[in-house]
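Colleague: Given next are the chains, with one letter for each unit.
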Amino acid sequence: MNGDFALEVQDLHTHFFLRRGVVKAVDGVSFSVRRGEVLGLVGESGCGKSVTALSLLRLLPNEAARTVQGRVLLDGEDLLGKSDRQMRQIRGRKISMILQDPQTSLNPVFTIGNQLSEVIAKNGAGRGGSVMQQAVEVLRKVKLSAPEQRVQQYPHQLSGGMKQRVVGAIAMHRGPSVLIADEPTTALDVTIQLQYLNLLKDLQENTDMAILFITHDFGVVARMCDRVAVMYAGRIVETGPVREVFNNPSHPYTQALIASVPKMQRSAARLHTIEGQPPALSDLPEGCRFAARCPHAEARCQAAYPGAFTVGAEHAASCWRLEPA
Amino acid sequence: MQRYIVKRLFQGVLLLIIVSTVVFAVGRLTGNPVDLLLPEEASEEERQAMIETLGLDGPVLEQFVVFIKGAVQGDLGVSIRYRQPAVDVFFSRLPNTLMLMPAAMLLAILMAIPLGILSALRRGRLTDRISGTIAVLGIATPNFWLGILLIYLFSVQLGWLPSSRMGDWSHYVLPTITLGTFLVAGFMRLIRSSMLDILDSEFVKLARIKGLSEMKVVWKHCLRNALIPVLTLWGVFMGGLVTGTIVTETVFAWPGVGRLTYEAVIFRDYPLLQAVVIMDAVLILVINLVVDILYAYVDPRIRFT
Numbered sequence: 670m671n672g673d674f675a676l677e678v679q680d681l682h683t684h685f686f687l688r689r690g691v692v693k694a695v696d697g698v699s700f701s702v703r704r705g706e707v708l709g710l711v712g713e714s715g716c717g718k719s720v721t722a723l724s725l726l727r728l729l730p731n732e733a734a735r736t737v738q739g740r741v742l743l744d745g746e747d748l749l750g751k752s753d754r755q756m757r758q759i760r761g762r763k764i765s766m767i768l769q770d771p772q773t774s775l776n777p778v779f780t781i782g783n784q785l786s787e788v789i790a791k792n793g794a795g796r797g798g799s800v801m802q803q804a805v806e807v808l809r810k811v812k813l814s815a816p817e818q819r820v821q822q823y824p825h826q827l828s829g830g831m832k833q834r835v836v837g838a839i840a841m842h843r844g845p846s847v848l849i850a851d852e853p854t855t856a857l858d859v860t861i862q863l864q865y866l867n868l869l870k871d872l873q874e875n876t877d878m879a880i881l882f883i884t885h886d887f888g889v890v891a892r893m894c895d896r897v898a899v900m901y902a903g904r905i906v907e908t909g910p911v912r913e914v915f916n917n918p919s920h921p922y923t924q925a926l927i928a929s930v931p932k933m934q935r936s937a938a939r940l941h942t943i944e945g946q947p948p949a950l951s952d953l954p955e956g957c958r959f960a961a962r963c964p965h966a967e968a969r970c971q972a973a974y975p976g977a978f979t980v981g982a983e984h985a986a987s988c989w990r991l992e993p994a
Numbered sequence: 028m029q030r031y032i033v034k035r036l037f038q039g040v041l042l043l044i045i046v047s048t049v050v051f052a053v054g055r056l057t058g059n060p061v062d063l064l065l066p067e068e069a070s071e072e073e074r075q076a077m078i079e080t081l082g083l084d085g086p087v088l089e090q091f092v093v094f095i096k097g098a099v100q101g102d103l104g105v106s107i108r109y110r111q112p113a114v115d116v117f118f119s120r121l122p123n124t125l126m127l128m129p130a131a132m133l134l135a136i137l138m139a140i141p142l143g144i145l146s147a148l149r150r151g152r153l154t155d156r157i158s159g160t161i162a163v164l165g166i167a168t169p170n171f172w173l174g175i176l177l178i179y180l181f182s183v184q185l186g187w188l189p190s191s192r193m194g195d196w197s198h199y200v201l202p203t204i205t206l207g208t209f210l211v212a213g214f215m216r217l218i219r220s221s222m223l224d225i226l227d228s229e230f231v232k233l234a235r236i237k238g239l240s241e242m243k244v245v246w247k248h249c250l251r252n253a254l255i256p257v258l259t260l261w262g263v264f265m266g267g268l269v270t271g272t273i274v275t276e277t278v279f280a281w282p283g284v285g286r287l288t289y290e291a292v293i294f295r296d297y298p299l300l301q302a303v304v305i306m307d308a309v310l311i312l313v314i315n316l317v318v319d320i321l322y323a324y325v326d327p328r329i330r331f332t
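Just so you know, the protein sequences line up as chains A and B, in that order.
In this text, residue positions in the first sequence follow my numbering: the first is 670, and each later residue adds one.
In this text, residue positions in the second sequence follow my numbering: the first is 28, and each later residue adds one.
Just chain A, with the same shape it has in the complex (with noise of 0.2 Å):
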């Protein structure tokens, strides 16, 4: 066991056991986050991103879905063995969440200082003052304007770029080994979003708490993270540092991805685009998944599912054409 990750995801599968069949959300997801790193977990809408998140917090949308297999280690204690009361205790203090949209995560019929009251008093009392002012403290730590009222208000009175900083608040009060953070911009102003991204990085600074950073924003990515993980229908395709995976795309789902991203400089050209759609997760073929879009695809990506090769230092993508000859 490497006592440098926070968190070791290994092999997980979660799957949808619904009427019409199974679908495979998350199908075999291996990926680590170290202390003090953050990852980006990259992939289009529906490719089981967060569903995998979820699935680390033990907190999947219904009971149709199960996770399978698989293990997630958290400080190296693997969560899927963990009863409901011990996971209890675990989501909030040693692993959180920030979720995408702030203007549907805080409940609008309680105060923000009540609904951050919520893990300060789980926190121990008697850290000094009164729980309010605690609250208030806490709200001064995401740079919230006035935050003497803002206990006080209700959600709706709030902008989402101040409700998302709340919810970064609650999220990492009580400083949890690991921070997942599923598009938490994508909801907000352009403007207001470097300004949130800003503050997860200043908050992050000087802990040790591992972020794993999910969004389909190749140039958040590049902006937030160490460390980048491809995810497409179901799998992790590609992982590697982002400053590998950028200069060298080995997968040609991250090369499309990559090719996607409008570029300033170009304006005039016409926008990338990837043709077709990804397979659907109740009927996945037996080959690579992306085979039916790729431009390369062979005889043996209809065959088998190619294995992760290793392309660089930390950087690995499962695709035929990288096997060593």
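Worth flagging that the hints you see were computed from the coordinates, not collected in a lab.
Worth double-checking, as some hints may not be accurate.
Okay, derived cross-link-like pairs now, DSS-like style, lysine-lysine, Cα gap no bigger than 30 Å in a straight line [what the hints assert, rightly or not]:
#1 K812(A) with K243(B)
#2 K751(A) with K232(B)
#3 K812(A) with K751(A)
#4 K812(A) with K870(A)
#5 K243(B) with K751(A)
#6 K232(B) with K810(A)
#7 K243(B) with K763(A)
#8 K870(A) with K763(A)
#9 K810(A) with K763(A)
#10 K810(A) with K247(B)
#11 K810(A) with K243(B)
#12 K247(B) with K751(A)
#13 K763(A) with K96(B)
#14 K232(B) with K870(A)
#15 K232(B) with K812(A)
#16 K34(B) with K96(B)
#17 K247(B) with K812(A)
#18 K763(A) with K232(B)
To list a few chain A residues with every Cβ distance to chain B over 12 Å, as calculated [what the hints assert, rightly or not]:
#19 L728
#20 V737
#21 R740
#22 E746
#23 G830
#24 Q924
#25 R990
In silico negatives: residues of chain B with every beta carbon more than 10 Å from chain A [claimed, not checked]:
#26 I157
#27 V269
#28 V313
Every residue, glycine too, gets a C-beta built ideally from N, C-alpha and C.
Dock chain B against chain A, hints included.
Modeller: Only chain B this time, still in chain A's reference frame:
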């Protein structure tokens, strides 16, 4: 908040004026009240005398002014059957109804909230299906029929509970169930469906991410939100409750305003019926005002806009 209440009060007054106008108009449209009030063999002199005492000889507009003037001063005419002011008759019966209605509401709240939450949490399982079936029966069974069934079973066959009139607590059981069943069923389904939405919501997810206990997630984060649609539809249910008292009080010979309404119809006591309808409207408005204030308390988005 004060502005909100004042606005609601103003709307209430406006509504009362409309109700009074409609009641007045309907009263004149259904023919000459004198024909209804006097026996068929009455002489022309008797008719004229009646018309004059009732003030029916002037033009309609003038009658309306007289009617509104009286109404504003709390005078809604004299009951023909009781020979006292209709308003007084209404108020003498009101306390009896005000003991039955809250009992039914309490029954609805005590049963519907836990059952609604339970069926949402056990969606699709046996508990949910049983409570769903009961709810459908509760909504579909007319309460006069339910009342009679209950009397037949518990009073006639088993002899456990009294079948009519007021008395000790045992007299309240059957009328409360009869009146409350419809509310229980309606609230329960409403709470179930809003709970299902809320259980899927992001703020519940966040509450769980915080590591809160399931008790706290359900009873703090979900319940208050689940009550909002119930309060929204409260007005509709109140209408059902007031009309429900007419049937229930009649079946159980309960001396409240519901039965009074029934009597006023049967005995063609026109002034009394007018008064009862208007006072029922006032009653519904007062209850709704209380609920509106409660609504603002539950949902801050209303309080602060």
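Colleague: Which hints from the list above does the structure break, by number from lowest to highest?
Modeller: When the structure is compared with the hints, numbers 3, 13, 19 turn out to be violated.
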